[in-house]
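**Q** Here is how the chains run, residue by residue.
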Amino acid sequence: MADEQRPLGEEGTDGVRRRDFIHIAAVSFAGVGAVAAVTPLVYQMAPAADVLALSTTELDVAAIQPGQAIKTTWRKQPVFVRHLTAEEIAEANDVPSADLRDPQTLAERTKPGKEAYLITLGVCTHLGCVPLGAAEGENKGEYGGYFCPCHGSHYDTAGRIRKGPAPTNLVVPPYEFTSDTAVLIG
Amino acid sequence: MSFPWAKEYQPQNGFMQWMDERLPLPRLVYGAIGAGYPVPRNLNYFWNFGVLAGFALMIQIITGIVLAMNYAANTAVAFNSVEYIMRDVNAGWLLRYLHMNGASFFFIVVYIHIFRGLYYGSYKAPREMVWLLGVVIFLLMMATAFMGYVLPWGQMSFWGAQVITGFFSAIPLVGEPLREWLLGGFVPDNAALNRFFSLHYLLPFVIAGVIILHIWALHIPGSNNPTGIDVKSEQDTVPFHPYYTSKDGFGLGVFLIAFCSVVFFAPNMLGHPDNYIPANPLSTPAHIVPEWYFLPFYAILKAFTYNFLWIDAKLWGVIAMFGSIALLFFLPWLDKSPIRSASYRPLYRKFFWFGLLPCIAVLGVVGAMPAEGLWVPLGQVAALYYFAHFLIIIPMISYFEKPEPLPMSITESVLGKAETPAVGATPATA
Ligand code: HEM
Ligand code: FES
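Going down the list, the sequences are from chains A and B. Just so we're aligned, residue 1 is where the first sequence starts under our numbering, counting upward by one. Just so we're aligned, residue 1001 is where the second sequence starts under our numbering, counting upward by one.
Hints listed in this document are in silico derivations from the structure and should not be mistaken for laboratory results. In this text, a Cβ means the ideal position worked out from N, Cα and C, and glycines have one as well. Hints may contain errors.
As the list claims (entries may be wrong) - One-sided and incomplete, this derived list gives chain A residues near chain B with beta-carbon spacing under 8 Å: (1) Ile-22; (2) Pro-47; (3) Ala-49; (4) Ala-53; (5) Ala-63; (6) Ile-70; (7) Lys-71; (8) Arg-75; (9) Lys-76; (10) Gln-77; (11) Pro-78; (12) Cys-129; (13) Cys-150; (14) Gly-152; (15) Pro-167.
Could you put together the complete structure from these sequences and hints?
**A** Pasting the structure below:
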């Protein structure tokens, strides 16, 4: 083909210069290389294997009396396990969902047949402080659940946000009852 | 450099001549901070604070490097290694107190430097780039100071890291994964502490680099001055050296007296006692507050307690907090008045002294207070004023204001006109 003899910088009949193609190919190749080189630099920042390895927690809820709560940890975050009293359950079920910022029922936040055990992260959904209310004598806020002192978020007896800056309910971690009282979080 | 009458560098001996032909570093210094840089003759003491900020950065870098020789960035030992610096390392207590209070004094100096720029209109043409680079430096300083404060791994370190990285979780969809990526975990832990240390070591050098750009950009038009009017002739300037090297030297002495008084007599005055309690990821201190220099911004964050439009309160708070700094990037174009110095701008001046300054003071106080009772509405009003000041008041007064008469030249403002008594020699302040 006559086209192949044409100098690099000159346009062919199709209006394309061979040099343009070489430029685009070279720059794209360098771009792909740069992205490939940056990937491990970015990826090394994500949680490492040892951090992910801590991702299950086992506990037994038998010893928690109604009205009591314990703190444990999952993935190094505090977890509240609360044995609700009958009144607390009734209180949680009485709230019309229109009153809720993040509408959810107690049943949706617990396991079937185990509604009395409310298991949530002890991490305020605002900016991550540990709310008060799990230990005896702590301020439980205006709705009798948990109170975050950092910027004043109030949670109810189902751990749902009722007042203050937090946007969502306390997070229910993935968990299951492996026996009547044994719980596996994660 | 900037004016035709700037003195040219003359090598004093054969060696300097040889150097000048190969690496003209002395020539650069001479033109930047020596006799080769002509500066308006009427600068007041507010013009000392740039040099002081540079000095404060040097203090941080030097004390930081020696602290790093004794500090260990591991959650198991970080707290103890800081106590080890305090008790066992020779002069360790001094180095740490210098670094700790050095950060506070760095911010004091930089805040005065920023308000100087706001008052005398140094952000306006032709110095917009100087101002923009300054805001970049300010942001880098905030990041550096935040990460430094995490290093001792006390209660405030840990909960500060938790709350501040929590800002990112406010971003819709990508927020939570982004936060986990920044922390390298689900909570601040070893991975976070290590990377904060690495970045805390790095960023001050990035700041030093941006400072070079800041000064480079400044030296093109040359320094502003208290009258805000342009330099017109050689009479209006004096060489930086010896005139301002000596004035800055005096200012530095005063700064060091104040700095040393705090370091030696009240080293923990500006800190928070809870940071002497080792970090406990399961218990938040009853009242967490950031370091004093972040309080006004923290108050803006806390001012949003209700969801508004389709954005929730948490995201509003974070947007407003970052926005309060980001709007400084637009200031050169928000203020349309061609007059720079507030000395000749009656309205701007009143809003500066009776609007902006009290507003920031109130925000500072509210930032330190718990989010309850009257503090909440007070913080909301002050936050509202802050934004109104920059986004509404400043653009409006540039239309309505009738400026006071400007002096003919810098020299006239210093020496006065022959007939009339020194007009504007002592510009009124309020
Ligand atoms: C922009 C300049 C800098 C600022 C604003 C700054 C700020 C801070 C702050 C606020 C702390 C916490 C002090 C405390 O409460 O104990 C800190 C700690 C620390 N900084 Fe810096 N720093 C700067 C530069 C540097 C540099 C260049 C290094 C050198 C590697 C460094 C190394 C350290 C170390 C090792 C600690 C932990 C020891 C301690 O807590 O006293 N810093 N920094
Ligand atoms: S972190 Fe709980 S209210 Fe802000």
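**Q** With reference to the structure, classify each hint as holding or not holding.
**A** Against the structure, the hints:
1. Ile-22: Violated, about 35 Å.
2. Pro-47: For Pro-47(A), the interface hint holds, since the closest Cβ of chain B sits about 5 Å away, which is under 8 Å.
3. Ala-49: Because about 11 Å separates Ala-49(A) from the closest Cβ in chain B, which is outside the 8 Å limit, the hint is violated.
4. Ala-53: With Cβ-Cβ at 12 Å, over 8 Å, it is violated.
5. Ala-63: violated, 19 Å
6. Ile-70: violated, 12 Å
7. Lys-71: Constraint on Lys-71(A) satisfied, holds at 6 Å.
8. Arg-75: With Cβ-Cβ at 4 Å, under 8 Å, it holds.
9. Lys-76: holds, 5 Å
10. Gln-77: holds, 5 Å
11. Pro-78: Pro-78(A) check passes; min Cβ-Cβ to chain B is 5 Å, inside 8 Å.
12. Cys-129: holds, 4 Å
13. Cys-150: holds, 6 Å
14. Gly-152: holds, 5 Å
15. Pro-167: holds, 4 Å
Going down the numbered hints, you'll see the structure goes against 1, 3, 4, 5, 6, while the others check out.
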